[in-house]
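Undergrad: Residues per chain, in single letters:
6 protein chains.
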Amino acid sequence: MKNVVVRNIDRADAAVIKRLGALGTATVHEAYGRSGLMKPYLRPVWAGGEAAGSAVTVLVHPGDNWMIHVAVEQCRPGDILVVGCSADSTDGMFGDLLATSLKARGVTGLVIDAGCRDVKSLREMGFPVWSKAISAKGTVKATLGAVNVPVVCAGVNVEPGDAVIADDDGVVVVARKYAGEVAAKGEQRHADEEAKRKRLASGALGLDMYNMREALAKAGLVYFDEPEKD
Amino acid sequence: MKNVVVRNIDRADAAVIKRLGALGTATVHEAYGRSGLMKPYLRPVWAGGEAAGSAVTVLVHPGDNWMIHVAVEQCRPGDILVVGCSADSTDGMFGDLLATSLKARGVTGLVIDAGCRDVKSLREMGFPVWSKAISAKGTVKATLGAVNVPVVCAGVNVEPGDAVIADDDGVVVVARKYAGEVAAKGEQRHADEEAKRKRLASGALGLDMYNMREALAKAGLVYFDEPEKD
Amino acid sequence: MKNVVVRNIDRADAAVIKRLGALGTATVHEAYGRSGLMKPYLRPVWAGGEAAGSAVTVLVHPGDNWMIHVAVEQCRPGDILVVGCSADSTDGMFGDLLATSLKARGVTGLVIDAGCRDVKSLREMGFPVWSKAISAKGTVKATLGAVNVPVVCAGVNVEPGDAVIADDDGVVVVARKYAGEVAAKGEQRHADEEAKRKRLASGALGLDMYNMREALAKAGLVYFDEPEKD
Amino acid sequence: MKNVVVRNIDRADAAVIKRLGALGTATVHEAYGRSGLMKPYLRPVWAGGEAAGSAVTVLVHPGDNWMIHVAVEQCRPGDILVVGCSADSTDGMFGDLLATSLKARGVTGLVIDAGCRDVKSLREMGFPVWSKAISAKGTVKATLGAVNVPVVCAGVNVEPGDAVIADDDGVVVVARKYAGEVAAKGEQRHADEEAKRKRLASGALGLDMYNMREALAKAGLVYFDEPEKD
Amino acid sequence: MKNVVVRNIDRADAAVIKRLGALGTATVHEAYGRSGLMKPYLRPVWAGGEAAGSAVTVLVHPGDNWMIHVAVEQCRPGDILVVGCSADSTDGMFGDLLATSLKARGVTGLVIDAGCRDVKSLREMGFPVWSKAISAKGTVKATLGAVNVPVVCAGVNVEPGDAVIADDDGVVVVARKYAGEVAAKGEQRHADEEAKRKRLASGALGLDMYNMREALAKAGLVYFDEPEKD
Amino acid sequence: MKNVVVRNIDRADAAVIKRLGALGTATVHEAYGRSGLMKPYLRPVWAGGEAAGSAVTVLVHPGDNWMIHVAVEQCRPGDILVVGCSADSTDGMFGDLLATSLKARGVTGLVIDAGCRDVKSLREMGFPVWSKAISAKGTVKATLGAVNVPVVCAGVNVEPGDAVIADDDGVVVVARKYAGEVAAKGEQRHADEEAKRKRLASGALGLDMYNMREALAKAGLVYFDEPEKD
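Protein chains in written order, with our numbering: chain A, 1 to 230; chain B, 1 to 230; chain C, 1 to 230; chain D, 1 to 230; chain E, 1 to 230; chain F, 1 to 230.
Because the hints were derived from the structure by calculation, they are not lab data. Don't take each hint at face value.
Identical chains share a label here; the pair holds if one copy fits it or two copies do between them.
Stated by the list, open to error - Subject to a maximum C-alpha distance of 27 Å in a straight line, what follows is the list of computed DSS-like cross-link-like pairs (lysine-lysine):
(1) Lys141 to Lys18
(2) Lys177 to Lys141
(3) Lys141 to Lys2
(4) Lys141 to Lys120
(5) Lys18 to Lys218
(6) Lys2 to Lys120
(7) Lys177 to Lys198
(8) Lys2 to Lys177
(9) Lys177 to Lys18
(10) Lys185 to Lys196
(11) Lys103 to Lys198
(12) Lys103 to Lys218
(13) Lys120 to Lys103
(14) Lys218 to Lys120
(15) Lys196 to Lys103
(16) Lys120 to Lys185
(17) Lys120 to Lys198
(18) Lys198 to Lys2
(19) Lys196 to Lys177
(20) Lys218 to Lys141
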């Protein structure tokens with residue numbers, strides 16, 4: 001790994017990001033062929049936060065948040081900062097001062113495969129963060145990493161400029177070149193689900209609505225009217 | 001394991017379930033001889049949710065939620081759906097469409113030893129879920145399991161028709177045949193605790209109220225007025 | 001380990017505890033040389049709780065909360081109760097009756113390296129608890145431990161009379177003899193951060209504010225204007 | 001839960017247990033319809049141990065191994081002792097003295113959903129144990145549990161007299177009434193696998209041997225001769 | 001994600017792989033700028049196994065090992081098979097039949113971000129596997145994934161044809177284009193370490209050998225001849 | 001925390017350490033009143049290793065092993081090095097070069113609340129290590145910690161000069177001033193156990209040998225000759 005900062009990255013289209021954000025992570029993940037989902041150990045540090053943006057990526061090392069400071073300068077309005085860490089860490093690498101700086105630059109949120117602190121302030125600021133842990137543990141500024149190189153964050157390889165969508169259900173990443181196609185598929189899926197929701201709410205069964213009965217019988221499912229006796 | 005659906009199960013008595021639900025998991029667990037408690041990794045997906053019901057059970061496999069669709073049809077008002085999984089999984093097997101369907105059938109909640117998604121919608125719908133993880137990960141519909149057979153969920157063997165009580169403290173299961181007895185014991189315990197609470201609030205010590213001093217001395221507890229010096 | 005209760009411990013100064021509590025865990029931890037922080041698996045059982053106090057310590061064994069009852073008597077207004085456990089446990093060793101008793105004695109909160117139950121009541125009472133797990137699992141009263149001896153809780157050795165600060169970011173412990181010095185350093189840090197926060201909010205970069213550019217270049221950080229081609 | 005010891009249980013057939021043991025856990029689990037497997041966190045405390053037996057079950061509480069002493073008396077030659085614990089625990093509830101006693105009674109091994117100690121001695125004695133943890137943590141003898149009632153151990157509900165097979169791959173449990181049927185199916189599966197192994201060793205492809213190509217194509221799998229270009 | 005199999009991938013150079021394998025994971029990881037290391041939860045299923053190869057990659061879904069069968073056909077002598085899974089899973093997706101097939105094709109080992117079974121046979125065959133879990137849990141063949149696309153495995157993004165080195169210390173991945181450079185740097189490092197080892201074995205101190213004393217003093221390290229008194 | 005190295009510490013008596021080492025961790029832990037045991041996540045990196053020594057302690061930070069180099073100089077023959085880390089880390093902070101240096105100084109082993117690498121070499125050298133993880137992850141040398149101050153390692157507060165005993169069952173720490181007393185108690189316990197072992201091996205029951213039957217009956221244990229029918 002080289003210690004580089006890449007300055008001029010291509011970004012995911014802002015209009016597409018907005019559409020993806022409106023769909024939410026579950027729908028985007030499905031529309032993307034059930035891909036791009038980060039591990040569920042990443043959780044929002046305050047409930048109800050939502051964010052969507054074009055990824056600025058940063059790679060840090062355990063116990064050291066120096067490169068997050070470097071990454072701030074590379075962020076523009078509409079970006080979301082994605083932090084990968086070279087080994088498992090729960091250190092509190094991000095807090096309210098960095099959030100103040102990112103917010104001032106129009107960044108929509110932070111996704112970090114490590115710890116976060118100053119949770120109360122972040123909630124009051126309305127700055128959403130998805131992290132692996134909440135920890136006040138302080139970090140040093142001694143070791144270089146990289147900015148805007150591909151990083152693995154919570155099990156997903158994130159390229160600079162990928163579209164990132166995050167909400168109460170987690171974080172999903174869509175490659176920039178597929179973002180538009182995924183948004184369109186997701187909107188179709190969303191429309192279909194609205195219709196299904198109405199039918200289910202009125203008492204229809206998924207078994208019938210999805211025509212599952214035949215496939216279940218073919219697979220060998222058997223119904224009994226009472227428990228089998230020994 | 002056979003791929004069966006058992007249709008006509010005996011259910012726990014609705015009036016007893018209501019009494020158990022009013023007591024809450026901690027009191028029910030104590031009244032049941034400190035039994036029936038699921039592992040604490042099961043957590044409510046939104047805080048403050050409470051549910052009590054007669055168990056409809058379903059066994060699924062990792063990555064596959066087909067049998068939950070099958071189970072919906074077997075649910076009646078006052079039921080709670082309990083999902084066991086044949087291996088560790090965090091996949092998001094349950095979301096707002098299934099919740100809409102269960103709610104339409106009068107189901108009081110879901111307990112799942114796997115993941116759940118659409119948390120925001122579930123909170124807005126007021127449909128309570130206890131799960132092992134929150135994850136947008138989608139699942140397939142390819143492998144059979146079983147409905148209304150005994151399943152192990154978060155460390156407890158649940159029989160169809162058991163009484164299930166769930167709240168912020170977790171989930172407890174009471175065998176149908178003991179449910180009435182446990183409700184009665186729990187109500188007695190609850191009444192006793194109210195009296196104790198008043199005494200403690202006014203400054204009484206548990207040491208005196210529970211007559212612990214003699215037993216502690218007999219067991220060898222010693223008091224010092226200052227730390228022992230090296 | 002001897003089964004003792006030490007009655008007359010020296011306590012951290014109440015005025016200093018108040019000042020530390022106002023600073024919060026992250027600032028206190030930094031001002032204490034990045035020391036004293038408990039592991040991040042300790043979490044508040046209800047969000048937003050805050051507590052600061054002088055430690056009364058208790059050592060218990062898995063499945064047994066007898067010594068917590070013993071410890072209550074040793075608590076005075078302004079104390080915080082810190083419970084270490086001799087092996088990993090998630091049992092619900094603490095609930096609303098014990099909280100009622102502690103509150104009646106003016107205790108400010110509980111930190112426990114095990115489980116807690118009655119979360120709903122604790123939130124309604126406004127009694128803050130930091131625990132390893134939420135679990136309704138009941139415990140017995142059969143085995144002695146100790147009160148007001150040094151205990152390790154969530155990775156930190158806590159002496160009776162240490163200052164303990166807890167909030168949404170976790171729990172930090174400051175040795176009694178350093179508490180005043182740490183409060184002073186923390187207040188200085190807090191003042192500095194307020195000034196920094198304003199500058200960052202107006203768009204200043206940490207890279208400039210902290211004079212990092214030279215050190216980064218010296219360490220070998222390189223900037224590119226576009227990604228390196230293969 | 002009542003504090004009972006059931007003395008005269010029906011046991012799985014010794015000849016059938018022997019046949020199941022010869023097949024190993026993976027084959028038995030498959031032959032049992034992919035059922036009965038304990039969670040993989042249960043591991044042998046020394047590599048290479050194997051055991052098969054008829055289950056004597058015991059339920060204990062965290063930090064307390066009293067009931068294991070009670071259970072020893074109920075064991076006969078060919079039994080395997082299965083210990084469930086009412087809450088998560090890593091305490092070292094079992095060591096070489098208990099193993100000496102079990103070995104003297106002809107017990108084939110121990111499966112415990114908690115900790116084990118004296119690993120070196122157990123290996124030297126050749127007494128196999130599957131546990132959740134290795135820990136020297138001592139336990140008390142203060143709280144009753146039960147012997148020969150159904151217990152959940154590592155995610156499986158075990159009835160007294162079930163057949164239990166354990167090896168390097170883990171632990172699998174077969175209900176007594178299905179044990180013979182499962183042995184027969186397993187032996188058929190084993191014979192089939194031997195034939196397959198020879199073909200695979202000589203270079204045959206599973207894709208051909210299992211006739212997968214058509215199903216894969218139908219499901220939509222596509223082959224490319226070089227990576228797709230962006 | 002598309003369901004594709006890429007047939008003709010470029011492979012890492014066999015001679016370079018051999019040199020990397022001789023260095024071992026720790027040296028390769030250091031020579032690669034402390035990059036490319038998989039998470040330490042991946043462990044060898046039998047101690048002492050070592051493997052090095054050019055990666056054939058496969059993406060599977062929880063509970064389903066269909067694509068591993070597909071991937072076998074794409075393997076050539078000197079390859080190592082790397083399996084990523086779209087969500088956390090411990091299922092036993094790989095066993096001795098697949099190992100027989102891979103061995104027949106000259107594959108050097110398997111790295112899988114899920115479970116493995118038939119450990120005893122694998123050890124006897126001398127086929128090395130690094131996995132997240134050992135589990136007899138069987139899987140189905142119902143859902144497509146992909147072969148020879150980039151996959152994230154245990155926290156590292158692996159491209160088809162990357163060099164993969166695995167031993168008792170874990171698994172490290174080197175991008176094909178850097179493999180030769182890393183081998184050269186690693187060999188230099190290895191030679192340096194041999195010299196250092198001799199000096200250290202004869203009693204030299206690292207403090208002197210690495211000239212650390214000045215830097216330590218400058219950073220503020222202070223020596224005392226006895227503990228500070230309170 | 002101050003960045004200090006304490007040079008002249010008092011050490012546990014070598015003869016006493018030898019006696020404690022001969023007893024093993026389980027017996028020492030029991031003789032010490034069931035105290036001093038480190039968490040069971042600390043495991044030997046190679047099976048069968050045993051070590052006993054007087055503790056030299058070192059506090060490091062995640063991702064940084066600088067202070068281990070500093071600590072080496074403070075070690076004398078018969079010491080055991082105990083490394084605490086200020087936050088959770090699995091980084092490979094220790095490998096064969098440091099082991100070579102420690103071995104040259106007569107150090108008996110290493111206990112580290114973080115990761116270790118070069119496992120194969122350590123086994124070949126016969127240098128025993130107990131660690132939280134095995135990981136090739138490299139570390140930097142940038143941040144100071146402390147040597148020979150009290151450190152918490154795997155849940156135990158270790159003072160410089162404490163007696164540390166480690167084997168396959170884990171790691172136990174005895175305060176220097178109690179070491180002799182604990183050795184004597186442990187030897188008595190060991191002698192008693194030998195006698196018990198013989199009786200148990202000849203078929204005696206612990207129930208009788210420990211006179212448990214009366215206490216069990218008094219506690220309410222009931223025996224049935226067949227399972228209760230529903």
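Undergrad: Against each hint, give a clear statement of whether it holds in the structure.
TA: Do the hints match the structure? See the list:
1. Lys141 to Lys18: neither (35 Å within a copy, 31 Å between copies)
2. Lys177 to Lys141: Classified as neither: same-chain Cα gap 35 Å, cross-chain 29 Å, threshold 27 Å.
3. Lys141 to Lys2: both (17 Å within a copy, 19 Å between copies)
4. Lys141 to Lys120: Classified as within; 24 Å inside a copy, 34 Å across copies.
5. Lys18 to Lys218: Cα proximity of Lys18 and Lys218: none, with 43 Å in one copy and 36 Å across.
6. Lys2 to Lys120: Neither way: Lys2 and Lys120 sit 36 Å apart in one copy and 30 Å across, limit 27 Å.
7. Lys177 to Lys198: neither (34 Å within a copy, 38 Å between copies)
8. Lys2 to Lys177: both (26 Å within a copy, 14 Å between copies)
9. Lys177 to Lys18: Answer is within: at 16 Å inside a copy they meet the 27 Å cutoff, but 37 Å across does not.
10. Lys185 to Lys196: For Lys185 and Lys196, only the intra-copy Cα distance (16 Å) is at most 27 Å; the inter-copy one is 43 Å.
11. Lys103 to Lys198: between (39 Å within a copy, 12 Å between copies)
12. Lys103 to Lys218: Result: close neither inside a copy nor across copies, 56 Å intra and 29 Å inter.
13. Lys120 to Lys103: both (16 Å within a copy, 24 Å between copies)
14. Lys218 to Lys120: Result: close neither inside a copy nor across copies, 55 Å intra and 36 Å inter.
15. Lys196 to Lys103: between (39 Å within a copy, 14 Å between copies)
16. Lys120 to Lys185: Answer is between; shortest inter-copy Cα gap is 22 Å, intra-copy 37 Å.
17. Lys120 to Lys198: between (39 Å within a copy, 18 Å between copies)
18. Lys198 to Lys2: neither (54 Å within a copy, 32 Å between copies)
19. Lys196 to Lys177: Neither way: Lys196 and Lys177 sit 30 Å apart in one copy and 39 Å across, limit 27 Å.
20. Lys218 to Lys141: between (62 Å within a copy, 13 Å between copies)
Of the numbered hints listed earlier, those contradicted by the structure are 1, 2, 5, 6, 7, 12, 14, 18, 19.
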